[in-house]
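Asks: Going line by line, the protein sequences match chains W and B.
Position 299, counted from 1, in the first sequence is what my numbering calls 299; the numbers after and before it change by one each time, with no gaps.
Position 78, counted from 1, in the second sequence is what my numbering calls 78; the numbers after and before it change by one each time, with no gaps.
Be careful, since some hints might not be right.
As the list claims (entries may be wrong) - If you anchor each label on the Cβ, the simulated ranges turn out as follows: (1) B:25 x W:105: 46 to 56 Å; (2) B:16 x W:81: 29 to 39 Å; (3) B:9 x W:32: 47 to 57 Å; (4) W:82 x B:9: 30 to 40 Å; (5) B:25 x W:254: 14 to 24 Å; (6) B:25 x W:311: 47 to 57 Å; (7) B:2 x W:310: 27 to 37 Å; (8) W:146 x B:16: 20 to 30 Å; (9) W:103 x B:2: 21 to 31 Å.
Claimed, not checked - Short, incomplete list of chain B residues facing chain W, as computed with Cβ under 7 Å: (10) 8; (11) 9; (12) 10; (13) 18; (14) 19; (15) 32; (16) 35.
In short, the hints are calculated from the structure, not lab data.
From the three backbone atoms N, C-alpha and C, an ideal C-beta is built for every residue, glycine too.
Residue-level listing of the chains:
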Amino acid sequence: MPLRSKACALALLVAIFTSPAWAQPENTAPNPTAQSIPEQQLLKERRRIEGRVTIPDRNARILEQPQGRQYQAFHEHVLPRLAGAAIILTLVALAAFYARRGPITLDRPLRGVKITRFSAFERFTHWLTASSFIVLAVTGLNFVFGKRLLMPLIGDDAFSAWTQWTKYAHDAVAWPFMFGLAMMIVLWIGDNLPDRYDREWLKQFGGFLSNRHLPAGRFNAGQKLIYWSVVLGGLALTASGLVLMFPYVFDIAGIQFAQYVHAVTAAILTAVILAHIYIGTLGMQGALESMISGEVDLAWAEQHHSAWLADNQPHPADGHLEKRSIPAE
Amino acid sequence: MRIILASIMAVILLAVAAGLIFASTQKLVYEARALPTVRIDDDPGHNLVGPDWSGLPTSSAPEQASHVTRRELGAATPE
Chain W
1 MPLRSKACAL ALLVAIFTSP AWAQPENTAP NPTAQSIPEQ QLLKERRRIE GRVTIPDRNA
61 RILEQPQGRQ YQAFHEHVLP RLAGAAIILT LVALAAFYAR RGPITLDRPL RGVKITRFSA
121 FERFTHWLTA SSFIVLAVTG LNFVFGKRLL MPLIGDDAFS AWTQWTKYAH DAVAWPFMFG
181 LAMMIVLWIG DNLPDRYDRE WLKQFGGFLS NRHLPAGRFN AGQKLIYWSV VLGGLALTAS
241 GLVLMFPYVF DIAGIQFAQY VHAVTAAILT AVILAHIYIG TLGMQGALES MISGEVDLAW
301 AEQHHSAWLA DNQPHPADGH LEKRSIPAE
Chain B
1 MRIILASIMA VILLAVAAGL IFASTQKLVY EARALPTVRI DDDPGHNLVG PDWSGLPTSS
61 APEQASHVTR RELGAATPE
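Isolated chain W (complex conformation) (with noise of 0.2 Å):
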């Protein structure tokens, strides 16, 4: 071969070699949106991003609009702060409470006769409600604060697993609440009417503050105030949830709006359920055993409750209470 031919050949396998191409990683696809115009700009410019669908959903088509920002918005940064606030305002008032007032204990020594508070079939009521709602409280904060707060601990790939769990939790848990709220409302909605005591137990706070003891039938004006809460609150919680939880019966803006009032209806009503677990618990002397055992001693019913005991006999035997027969005139 000519010395020519061959400085030909040599030049060429070096332009091969050295060639961009071949230089090149493996893989040579283009980013697509490296070229694009951010998608602020497009924002500032058009309120709307859209694009073009042949599929028969025509909403398919809007990327982003005004109402889904401010629906973004309200999702990642209002409801945060607010449920944030409900929960932690709740929880420095409670223990501002108790650090001032202490237990609620009885003033008078136990008498040693039981009587019947709830029966069997209300504390079941109560404690499935109950069991229910700690679970989807648990499970919708996780959905609110749960990337915020929990997966910078356990991580990305745990708190996936965990939120999805959660999630398959809180569509399945929200049933036995709703059948607890419904139990609810028709073994309680007659106690919890208003009566003549409430206006007075309002206007003292029970008297919680000020030591004295005002007269209650079987529900306190609080106690009542606590049960509407469920009871409006659940309702609201259990329309908006189903619309959630069945997608598409309403559109978009339809969906958006359950969410609002799901989400902000949840967090208030944690709040209320907080100190209902507080005065059930450390707040006042007895209130959980009644709702555990179903009894109480006379002496509680007598402090807390005295129209209710009034207006009802206990029966000698086994505590039970009776209707006090009103002697004809």
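With chain W fixed as given, assemble chain B onto it according to the hints.
Replies: Same frame as chain W, but now just chain B:
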């Protein structure tokens, strides 16, 4: 205390029953919203374009497999 345990058992039973009914009557979004001409992938959460925009789950996967599903690819290519 027996009442509390009974109520917790009832919650579990009702929740499991509700979950089973859901599982038998509802479809996942990627199944329910798919159309004959539109596939929403068979693996929710999977990045359709892949980490390096090649359409492949991993850069080491064979290039001609870009149209196959991740499940099919997973059988051939360890990740």
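Asks: Determine for every hint whether it applies to the structure shown.
Replies: Right, here's what the structure says about each hint:
1. B:25 x W:105: 46 to 56 Å: 53 Å, holds
2. B:16 x W:81: 29 to 39 Å: 36 Å, holds
3. B:9 x W:32: 47 to 57 Å: Roughly 54 Å apart at Cβ, these two residues keep to the hinted range, so it holds.
4. W:82 x B:9: 30 to 40 Å: 35 Å, holds
5. B:25 x W:254: 14 to 24 Å: Because 21 Å falls inside the window, the suggested range holds.
6. B:25 x W:311: 47 to 57 Å: 49 Å, holds
7. B:2 x W:310: 27 to 37 Å: 32 Å, holds
8. W:146 x B:16: 20 to 30 Å: Since residue 146 of chain W and residue 16 of chain B have Cβ atoms about 24 Å apart, the given range 20 to 30 Å holds.
9. W:103 x B:2: 21 to 31 Å: 27 Å, holds
10. 8: Interface hint status for residue 8 of chain B: holds (5 Å vs cutoff 7 Å).
11. 9: Where the cut-off is 7 Å and the nearest Cβ of chain W is about 10 Å from residue 9 of chain B, the hint is violated.
12. 10: 6 Å, holds
13. 18: Holds - the Cβ of residue 18 of chain B comes within 7 Å of chain W, reaching about 4 Å at its closest.
14. 19: OK, holds: residue 19 of chain B within 7 Å of chain W, min 4 Å.
15. 32: Violated, because the Cβ-Cβ distance from residue 32 of chain B to chain W comes to roughly 9 Å (cut-off 7 Å).
16. 35: The hint holds - residue 35 of chain B has a Cβ within 7 Å of chain W, the shortest such distance being about 6 Å.
Of the numbered hints given earlier, the model fails hints 11, 15; all others are met.
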